Amino acid sequence: MKNEWPLWEVFIRGQHGLSHRHVGSLHAPDADMAIKNARDVYTRRNEGVSIWVVEARHIAATAPGDKGPLFEPSESKVYRHPTFFDIPEDVGHM
Amino acid sequence: MTRDEALFQFLLRMGDNTLILGHRVSEWCGHAPVLEEDIALANTALDLIGQTQFWLGLAGEVEGQGRSADDLAFLRDAWDFRNLLLVELPNGDFGQTLMRQFLFDAFQSVLLGRLMTSSDARVAEIAAKASKEVAYHVERSADTVVGLGDGTAESHARMQAALNYLWPYVGEMFLGDAVDAAMAEAGIAPDPASLRADFNALVERVLSEATLGIPKGEFAHKGGRNGYMHTEHLGHLLATMQWLQRAYPGASW
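Residue numbers (the working numbering), protein chains in the order written: chain A, 1 to 94; chain B, 1001 to 1253.
One should not assume that every hint holds.
As the list claims (entries may be wrong) - Taking CB as the label site, the calculated pair distances span:
(1) A:P29 <-> B:R1196: 26 to 36 Å
(2) B:A1193 <-> A:H16: 47 to 57 Å
(3) B:E1185 <-> A:H58: 56 to 66 Å
(4) A:G92 <-> B:A1128: 40 to 50 Å
(5) B:E1154 <-> A:N46: 32 to 42 Å
(6) A:W52 <-> B:G1113: 29 to 39 Å
Derived by calculation from the structure, the hints in this document are not laboratory data. In this text, all values refer to a predicted model and were calculated from it rather than measured experimentally. Just so it is clear, CB atoms sit at the ideal spot from N, CA and C, and this is done for glycine as well.
Okay, chain A solo, but in the shape it has when bound (with noise of 0.2 Å):
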């Protein structure tokens, strides 16, 4: 395992996107040929404008077993929804 090349996690910014959105991930031996590999892997069919790469060990992530204490006390708050006001109809569609 050793040899292996390390993980990449690749964000893409498509043409009418507005952020870089995660599409995959790949190897590669640098962050210079990462990019490169996502651009043949991901971009082949005119998917995007800008690509963004970061090794896969730099991400801190959520375990799924903290999921209850994490995510489920918002369910019941349904107040913190803006669904209480009522909207002026010249602000249009929000």
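Put chain B on the given structure of chain A with help from the hints.
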């Protein structure tokens, strides 16, 4: 030789280089050492075959005999091909394929840069379109040559062996003849010898970064771009590439 006859030969050289190299690179599809490189090589092969459609399409138009790009690609025999010997050589290992790719990309990037100011607007237009793809090809192949050349003892040795094997095929790129003289006089394409300085600068920079030594000696295998004598490898390649059109003439899907 009229100007159009010379232009036809020049266009065959352009189109046959990209066709034969494109086919060679496509042979890696499904066989590359890692998935990422497999897809990258397939992309390169498709780019080259796409460029072939433009060069051979225009060649057929200039020839005026009603031959399409497909006719020229699939219905000529080895002696009518005008590609550099370099591009018909077998793939060898991954390192040899990438070294061949880098040497060709370096040449092609310099050549296309000049062709973008061709006096023939059709040539200039194809060159402009292809040069974007080739700019990426040369960046990628150069990076890989540096990565493997300046890599482990094993990868360094393989890259040096690849360079030693391929270098004698580089000289043919710069050997001009009557076709080139006619193209240069018409302002359509540069004299190949005039590309050597830029090519050397690029190749020497990358190979020195890759800690690889350019072999001594000026000997150059030749006979590809003028069709005088191809290597024995071209016929085998054509047999694979052309068999369907030969066995089932006019087949399409």
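Against the structure, the hints:
1. For the pair A:P29 and B:R1196, the supplied restraint of 26 to 36 Å holds, since their beta-carbon distance comes to about 32 Å.
2. Checked against the hint of 47 to 57 Å, the pair B:A1193 and A:H16 passes, with Cβ atoms roughly 48 Å apart.
3. Distance hint for B:E1185 and A:H58: a CB-CB separation of about 59 Å, consistent with the stated range 56 to 66 Å.
4. For the hinted restraint 40 to 50 Å between A:G92 and B:A1128, the CB-CB distance of approximately 44 Å keeps it satisfied.
5. Between B:E1154 and A:N46 the beta carbons are some 38 Å apart, a value that agrees with the proposed interval 32 to 42 Å.
6. At about 31 Å, the CB distance of A:W52 to B:G1113 agrees with the hint of 29 to 39 Å.
In this structure, none of the earlier numbered hints is contradicted; all agree with it.
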